[in-house]
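2 protein chains.
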Amino acid sequence: MSAVSSNPFPAPGSKAELEEGAVLSPRFGADGLITCIATDAATGEILMVAHMNPEALAKTIETGEAWYWSRSRGELWHKGATSGQIQTVEEMRIDCDQDALLLKVTVAGDGGCCHTGRRSCFYRKVEIAGGKPSLVVD
Amino acid sequence: MSAVSSNPFPAPGSKAELEEGAVLSPRFGADGLITCIATDAATGEILMVAHMNPEALAKTIETGEAWYWSRSRGELWHKGATSGQIQTVEEMRIDCDQDALLLKVTVAGDGGCCHTGRRSCFYRKVEIAGGKPSLVVD
Chain S
71 MSAVSSNPFP APGSKAELEE GAVLSPRFGA DGLITCIATD AATGEILMVA
121 HMNPEALAKT IETGEAWYWS RSRGELWHKG ATSGQIQTVE EMRIDCDQDA
171 LLLKVTVAGD GGCCHTGRRS CFYRKVEIAG GKPSLVVD
Chain V
71 MSAVSSNPFP APGSKAELEE GAVLSPRFGA DGLITCIATD AATGEILMVA
121 HMNPEALAKT IETGEAWYWS RSRGELWHKG ATSGQIQTVE EMRIDCDQDA
171 LLLKVTVAGD GGCCHTGRRS CFYRKVEIAG GKPSLVVD
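Line by line, the protein sequences give chains S and V.
For what it's worth, the numbering used here labels the leading residue of the first sequence as 71, then goes sequentially.
For what it's worth, the numbering used here labels the leading residue of the second sequence as 71, then goes sequentially.
One chain only, chain S, in its complex shape:
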């Protein structure tokens, strides 16, 4: 299923409007999606990076809980609907050119986020030795 949905948000305006204006006019990419970072509202820890189509963003605004577009499953995704790890949005921010969102969330259930069972998806460090990268869980 395509991520493209009807878009209830105003079309992006000029550079000045995008960067300094008060109008939320998110710039969805060619794939119909905008990048979204979720952090723990209490600790600031980065939990995950996911994507939203216009419908997911509209539902997030409407419900106060994070909805994403699952690229792997090709469907709208109410985060936590099956796992219990519902993300309540404490604060939403957008970047200068309105092509990335930041959600500060409180996570329900066991407080985790990653499908591997870890709290955060960023559980591996890229270590570089002799110019060669490798991954280490820490």
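Worth flagging that the hints you see were computed from the coordinates, not collected in a lab.
Incorrect hints may appear among the rest.
If several chains are the same, the list does not tell them apart, and a pair holds so long as it fits within one copy or across any two.
[Claimed, not checked] Okay, derived cross-link-like pairs now, DMTMM-like style, lysine to aspartate or glutamate, Cα gap no bigger than 25 Å in a straight line: (1) K195 <-> D110; (2) K85 <-> E160; (3) K202 <-> E115; (4) K85 <-> E135; (5) K129 <-> D180; (6) K195 <-> E115; (7) K202 <-> D180; (8) K202 <-> D167; (9) K195 <-> E125; (10) K195 <-> E145; (11) K85 <-> E132; (12) K195 <-> D167; (13) K85 <-> D101.
Model the placement of chain V on the given structure of chain S, informed by the hints.
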């Protein structure tokens, strides 16, 4: 110019290898790019979201400074080369399915990051009143 560059990284393996393995095999998207978050290594503040093609990631690993792919300019981008806001990478992390990177950086120059002159690109909050979003600089 297309973001597609030669890719020196191993092709992504199985789901288990991607999620639990020690091999950095980043999953670049159809546009040839991987999403990258930069945070302030000292404070954890989220500074920006940008993108890397394989060449940018290889140069970041090689130099210890952040290189991105500028989608707006269509070129490789050594962050800070003109502004002085060089990002020295203190730590690099990757997420579960290896399609997002996290850089913890120390910023040179005036310590800023955003082309609008702010320290972080996420200088606006999305406020929701009566179900309608608007943007507020805070």
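For each hint given before, does the structure comply? Return the numbers of the non-compliant ones in rising order. Going through the list in order, the structure violates hints 2, 3, 4, 7, 10 and 11 and respects the others.
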